[in-house]
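There are 2 protein chains.
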Amino acid sequence: MPEQIFSYNQLYQFTKNIFSAIGCSEEHATTATKALLAADVRGIDSHGVARLSGYVRLWEAKRVNATPNIRIIHESPSTAVVDGDAGLGLVVAVYAMNIAIEKAKQCGTGWVSVQNSNHFGIAGYHAMMALQHDMIGMAMTNASALMAPTFSKERMLGTNPIAVAIPAGNEEPFIADFATTTAANGKLEILQRKHADAPVGWIQDEEGNATTDAHALKNKGALLPLGSDSEHGSHKGYALGSIVDIFSAVLSGANYGPWANPFPAYVPMPQNQPGKGLGHFLGAMCIDAFRPADEFKKDMDQWLHRFRNATPIDAAQKVLVPGDPERLFEKERMEHGIPIVDSVVEDLTKLGQKFNINL
Amino acid sequence: MPEQIFSYNQLYQFTKNIFSAIGCSEEHATTATKALLAADVRGIDSHGVARLSGYVRLWEAKRVNATPNIRIIHESPSTAVVDGDAGLGLVVAVYAMNIAIEKAKQCGTGWVSVQNSNHFGIAGYHAMMALQHDMIGMAMTNASALMAPTFSKERMLGTNPIAVAIPAGNEEPFIADFATTTAANGKLEILQRKHADAPVGWIQDEEGNATTDAHALKNKGALLPLGSDSEHGSHKGYALGSIVDIFSAVLSGANYGPWANPFPAYVPMPQNQPGKGLGHFLGAMCIDAFRPADEFKKDMDQWLHRFRNATPIDAAQKVLVPGDPERLFEKERMEHGIPIVDSVVEDLTKLGQKFNINL
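These protein sequences, in sequence, are chains A and B. Note that numbering that gives the first Met the number 0 has the first sequence beginning at 0, numbered continuously upward. Note that numbering that gives the first Met the number 0 has the second sequence beginning at 0, numbered continuously upward.
I should point out that these hints are in silico values taken from the structure, not numbers from a laboratory. There may be inaccurate statements among the hints.
No copy is singled out in the list; a pair is fine if it fits within one copy or between any two copies.
Derived BS3-like pairs: lysine-lysine, alpha-carbon spacing no greater than 25 angstroms straight-line [to be verified]:
#, residue 1, residue 2
1, 219, 317
2, 186, 317
3, 33, 330
4, 275, 296
5, 317, 33
6, 297, 275
7, 349, 33
Predicted model, so just to flag it, every value in this text is computed and none were measured.
Only chain A is shown next, with the shape it has when bound in the complex (with noise of 0.2 angstroms):
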């Protein structure tokens, strides 16, 4: 596909005046921009500046708001609840896990549930946030209904991401970020683009069969747990996703299952929602509350080094760590610059337009 290449000084700007030109405070408009690019940094087109555009009609339609009085509402010592006023989930979602963070601090472990919040980017950003305070860190989100369970003909979950973020010594640490679909939403989009069959297993059409139509999803269909169907553990995937529904939405008074809010702002709300806005799970637990910090780092380097070291199947293709793939990219896009697709820049400069911002 046509694209042309941006330094992240461009997107940063750029996206940073977008943000403020919604209303956004100096400070909160630096903390999306950080969490939106991050994506496009780490390789994941789908959740970047792609979806700028999305944020801002959101905003548009009242759905999202843009100077939040992000607050706690219930703690303990190891926990919190966090109500993000509707503010971007890309701020709220940096808070919530700043109160992670500090409450590691104080008893070891901080876990807090997020109520009244929005799309909040990559779960992986929110997790690595956690490691230079040698924690490891966790970050989930539920979302708009795409995934239909086991057995089931109706969408009931989100792609539900995780995230996890574990520190290391002289290796590069283990961070894996990934939908409990076998498919992300993104990957049936790149081969809708394409005219491209899906692979058997990622999608089931409106009477709950399986298909390769990549346009199935959008035709009533659903995407499919990870595991794909029963014989290979789709119920895990299934379970996977009620978990992180659960922690970030029941848990916080938010939406869940097929309540959550809907990212695109023409889709309208779900009828009857039992809660607040979309949910959000975050948690940091410190190193040293379990063992010493560097010898756990010490096992740390032996294990990574192990995995990456593992006998490959193909000499060509060596074994990856969770976190690798997205590591290539950051290293790649941060010296080189970051590729948008053409149809995404032309995305972007009528949004700019509309602020009168220059791409």
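Here the structure of chain A is known, so what remains is to put chain B in place on it, guided by the hints.
Frame of chain A; chain B shown alone:
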């Protein structure tokens, strides 16, 4: 397969007598028996009395200590590391979960990483201990390496299960308990006995090729991570198994990855083990530390009701919530008895003869 029916009480007396015969205290024998039989009751036949003689062989090989001094070796307000002193995991994990629950009462959540332990039965049993305290329970354990990460020919991780138990009000609770491999080893053993093929996506052979040979695992093949292949997200199952391994064993100082202790006593211990025994990770989160438990349970009831009543693909197969199949087994087996296949009955009979204990 030919089988015999036993009452829970018959199996309970027999199992407890065996644990007492190898030197367990009255309290430990009771704890171990309840934890072990929870598997048979819940229909997870591979993890119950079928393993009893395996535990005894580990004791005979001096790999299990029947009179362990289980103790906390490090702690913070919300965390602890427990040294299991090579005791039965069935006992050590219960001890550790009780600490997690006590810590959750004090500061909202409790997290215990365990070193120097052995196999702990089904993860779900330990997670479910939290339910009566209006807490969410979590349990995971590492295990000897049988699974090959994505792109790897080598076995690097165990079936590393994750269990999460979430309380509800009037509805039956949510209890997820699953291996992070596509199929658990127990399912392969059933196919082997039937001389049947395994589905593509469960195992690979010694060279890393997909195979349907149910015996491939015994011939230096490997189980595949949840997701089966990279096109269907096996890197996600590999990431989950890794997280279980690191939380259970690197955080505690147990043996991780390919160094984890083997369950069969005849398998030599791995060389150059970096830690002590197997590792577990137990967690408890007090609902009240997030929001009033009665409000949470009302929402969980709605969640559970909504998912159990999602539109099914086939009217004959309702949509299930994690824990539902095991609950049906429990009801049936506590009323009508527990079927044990003849080969296991024979194994138990021989085991009883060794200690002069009747089945």
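For each hint, the structure was consulted:
no., hint, verdict
1, 219 / 317, "between (39 angstroms within a copy, 20 angstroms between copies)"
2, 186 / 317, "within (23 angstroms within a copy, 30 angstroms between copies)"
3, 33 / 330, "within (16 angstroms within a copy, 53 angstroms between copies)"
4, 275 / 296, "between (40 angstroms within a copy, 17 angstroms between copies)"
5, 317 / 33, "neither (31 angstroms within a copy, 44 angstroms between copies)"
6, 297 / 275, "between (43 angstroms within a copy, 15 angstroms between copies)"
7, 349 / 33, "within (22 angstroms within a copy, 65 angstroms between copies)"
Against the hints set out earlier in the document, a violation occurs for number 5 only.
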